[in-house]
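K.L.:
One letter stands for each residue in the lines below.
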Amino acid sequence: MKIIKYIASAFLTLTLASCGQFNEASDSPTVDGLTIDIDLNSLIATDGRADGGITFGDMTVKMDNYIEGLHYEQNFTGSSTKIENVVPGIYTILISGHGYDADGQEFIVAGNLVNKSLIENSPIIIDVKGSVKGSLVFSEIYYCGSKPENAFSYFRDQFYEIANNTTEVQYLDGLHFAHLETIDFDKVRPVWPSEDGDKYIYVERVWKVPGNGTDYPLQPGESCVIAQFAANHKLEIYNPTSPVDCSSAEFEFNMNNVNYPDQPAEDMVHVFYDGNSTMTGMQYLTSVFGTGYVIFRIPEDEVWDPVNNMSLQAKNAANEWSGISAKVPVSYVVDAVECIRNASYVDAKNIPAVLDAGFATIEGAYLSKSITRKLDGDGHGANGAILYQDSNNTTDDFEAGVTPVLHRHSKMPAWNHTLK
Amino acid sequence: MSNFIYKAGALAILIGATSAHVSAQGYTSASLELLKEQKLWFHSSNAAGAALDNLQNYSLVNIGYGMTKGDFHRPQQGAEEKSLSVGCEGFLNLNSAYAWGEFNFEQRNINDASFNASITDPYRGMPYFMADTHLSNWRNQYYDMKFRVGTPFYWDRLAIGIEGVYKASLAAKQLDPRVDTRYFQLDINPGVVYKIDNHNSVGADFQFCTLKEDSRMTNVNVTVAQTYYILYGLGVASQQIGDGERLDYHGTKLGGGLQYNYRVQGFNLLASVDYSRRVENFDRNPTVPKKDASVNDHIWDAALTAHLTGRNWSNFLTLKGKFRDMDGIQYVSTYDNSDSFQGWVDIYRSIRSTYKTTRLSADYSLLRNRDTEYAWRVDAGIDYVKQDDKYILPASSMDSENLYMHLAARYNAKLGNQLRRRMLVSLNGGYNNNLSGQYVYGGANPEYPTVTDLTGMDEAYMTTDYYRLGASAEYSQQFSSTQNMNFFARAAFSYTKASGDIFNHRNNVLFSIGINF
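Protein sequence lines, in the order shown, are assigned to chains A and C.
When the count follows this note's numbering, it moves up by one through the first sequence with no breaks and lands on 420 for the last residue.
When the count follows this note's numbering, it moves up by one through the second sequence with no breaks and lands on 517 for the last residue.
Quick caveat, the hints were computed from the structure, so don't treat them as lab data.
Each hint should be verified, as a subset may be incorrect.
Stated by the list, open to error - Using C-beta positions, here's what the derived DEER-type ranges look like:
(1) C:341 x A:321: 49 to 57 angstroms
(2) C:440 x A:33: 12 to 20 angstroms
(3) C:285 x A:194: 51 to 59 angstroms
(4) A:74 x C:224: 36 to 44 angstroms
(5) A:303 x C:224: 41 to 49 angstroms
(6) C:273 x A:33: 37 to 45 angstroms
(7) C:440 x A:329: 47 to 55 angstroms
(8) C:343 x A:152: 31 to 39 angstroms
(9) C:346 x A:74: 27 to 35 angstroms
(10) A:195 x C:74: 54 to 62 angstroms
Every value quoted in this text rests on a predicted model; they were computed, and no experiment measured them.
Beta carbons are placed, not taken as given, at the ideal position from N, Cα and C, and that holds for glycine.
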């Protein structure tokens, strides 16, 4: 009978060990659709853009569950709405529309939440801000590089195009360009100083456009291209299968590499990398899987010096290998675009929703594909302007996976070196 | 654990290789088949019932080669499958204990299988796994060891027994995204049988099973990111691009069975009911684990087997019912990257899908007895299967209902009195009549191939009428008149012809040789 006791006690132990897993399965409820009440909290009056109460009109709420491919969209008027039968999950919620103050002045209203877990019937409050369209916008970004016929990869042909999105002249002088730390393969989100709140974005390397204030004007309908290396990449010595000839680019990130010599394009001015202003490395390469890109401008009455002002530096606590990043106040940002490796990386999105509620992806590297901003309507405005869609949601504003073209819609500025 | 596995394996091989014989001439193929068929308790889940079965020793060793080919298959099966197997089995009456063991190894080469990029067997009751659209080859190895040990009746009343099962498999997908997946399963099933009197016995057993599958996906060509899908049931999927990730399946099954046996001279009846519950979790990336889904699987089995035998005739009747009710549970997780903890936290879970299976079958066999074997036999049966699967929100459904009728005749030709030379030939046929079935998809991304090509084609397979014809021939004889060892060689062929325009046919051939003693 001893053997029976041993067997009985062994199975009692095994059974008890399984209890947690079994209880969790037993306690799982059958899924039920949620009713989500959405209330808007207007921050427009505190933006300094307007005073008084705001009336919302032509509002749209979009809820995207990228993991499950579920999308809800509803139009409404006023400051609240309700969406029913929502599948529980993780959502990006975007509010867009128009607001009117007491004087009837119109604002573009936007607000969003990213990675919001919706698991119960509880109301959510979304802060919305008023804005005008960005004066300068990224109009095309080619980050993934190309695949040579007999080699692994080629990434010198990356470029970033910035366009005038107004009907008036805009000056590039002093405009800063930066990129964010790339999302790692484990999709671990960075940890920044908690006291910063949501006031900053954290950039890895910063450049700026040279000039004295009026040297590099962009007329309505014009754009400029900043190339990693402003050469004709189709040449035999580079990569004949590259889709682009960047020799007509207006600017380049010249790193004084003898193998990739300085080209006629104007050199961008290096500002910051890992706590220093000196250029480090043989090349300026952003991730071929995509990352966050930002253009920002320092207000005339402020000083932004992340090299000497330590309070403008931060380290990502989630990654001990990270260098020192520079803190850029959100209010400085002119435009921001986030590109990610593929849609599954949206959980680890780096750029705050207030700057870019969405993302773009070409879903691979060395594919010779770019992302390009859509035109707003037919794209034509006064004074020959080319107007682009700018809802601060890259998912909506960009078309991804197109063959890269310099100055696809807009013209070269008159000061382009090839026109002199 | 590993110590136990070695002992179980050694026992299985030892029993298979060393069982002493009692029959002076050994077994013909038909007599060994009949011997095993008559062991009603052996076919139950209770190892303690060995004391009530035929206690003749036997051993069997065989090598087999099989090939299956044709387009009438489920999407995740190979267009062509070839297998080479080696197995041994034996029963040993030690008087103080009854031991049975079995060991099987199979190398299976699966060619042009699609929509599986993570697990060894996509039809093992786990709807959550990764799939890609490429037709790919798989190279799989299966190791399967079982043993049963039972006691005689103590005090002429109580027998105890235990069954152990260890299964392991290695499976490797040969095309990016490549997969190396390893499956392990360990079952321990103790049981008791109480003999009420010489005619009536009751039994009970407890079933415990733990399983694990570790699946690792990689790309050899790292410059080309692959598109793949995480399947959530009924075609619902999340598209991914890249070089994949590591998946961790771990589950436990608990269950039990009750048996009742009535036996008088010439009649033996066993009724049994079994219930088991399996909970298996599907976690992604074990280094930073994220609970993604799990299944809560309830299975009820009921069976009634009766054997009526006379001087000239034997009859077998088997009635079976199986009811499966499985819930698919999905988790909502968020990444916590606070200073104190960095990892995924599951914040919500719910039953998102249900899978119900009803299977009823009735089989009858009539045998013309001849000594310890049969001269011929006729088998007839009917098999009803109903599948009713639902994805709850957004709502999708997939169901099918099939009735399969089959008939077989076997003739055991006596080629000579010397060396017990026999030729066992068989003809069989069956017809599947689909009664109903429909797949309605109401979820996101209806254009995904997981909806159109995987689940849509699977439903097409499940709702196709077909007929199947088969034949086999098995030659056996003693090695010599002084030895009880018998040699056998078997060849079997079946042809399945599907109706409709989607599928055509599927062939299966099987060759095996072996010895028994």
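K.L.:
Determine for every hint whether it applies to the structure shown.
P.N.:
Here's how the hints hold up against the structure:
{"no.": "1", "hint": "C:341 x A:321: 49 to 57 angstroms", "in the structure": "violated, 20 angstroms"}
{"no.": "2", "hint": "C:440 x A:33: 12 to 20 angstroms", "in the structure": "holds, 18 angstroms"}
{"no.": "3", "hint": "C:285 x A:194: 51 to 59 angstroms", "in the structure": "violated, 26 angstroms"}
{"no.": "4", "hint": "A:74 x C:224: 36 to 44 angstroms", "in the structure": "holds, 40 angstroms"}
{"no.": "5", "hint": "A:303 x C:224: 41 to 49 angstroms", "in the structure": "holds, 48 angstroms"}
{"no.": "6", "hint": "C:273 x A:33: 37 to 45 angstroms", "in the structure": "holds, 38 angstroms"}
{"no.": "7", "hint": "C:440 x A:329: 47 to 55 angstroms", "in the structure": "holds, 52 angstroms"}
{"no.": "8", "hint": "C:343 x A:152: 31 to 39 angstroms", "in the structure": "holds, 34 angstroms"}
{"no.": "9", "hint": "C:346 x A:74: 27 to 35 angstroms", "in the structure": "holds, 29 angstroms"}
{"no.": "10", "hint": "A:195 x C:74: 54 to 62 angstroms", "in the structure": "holds, 57 angstroms"}
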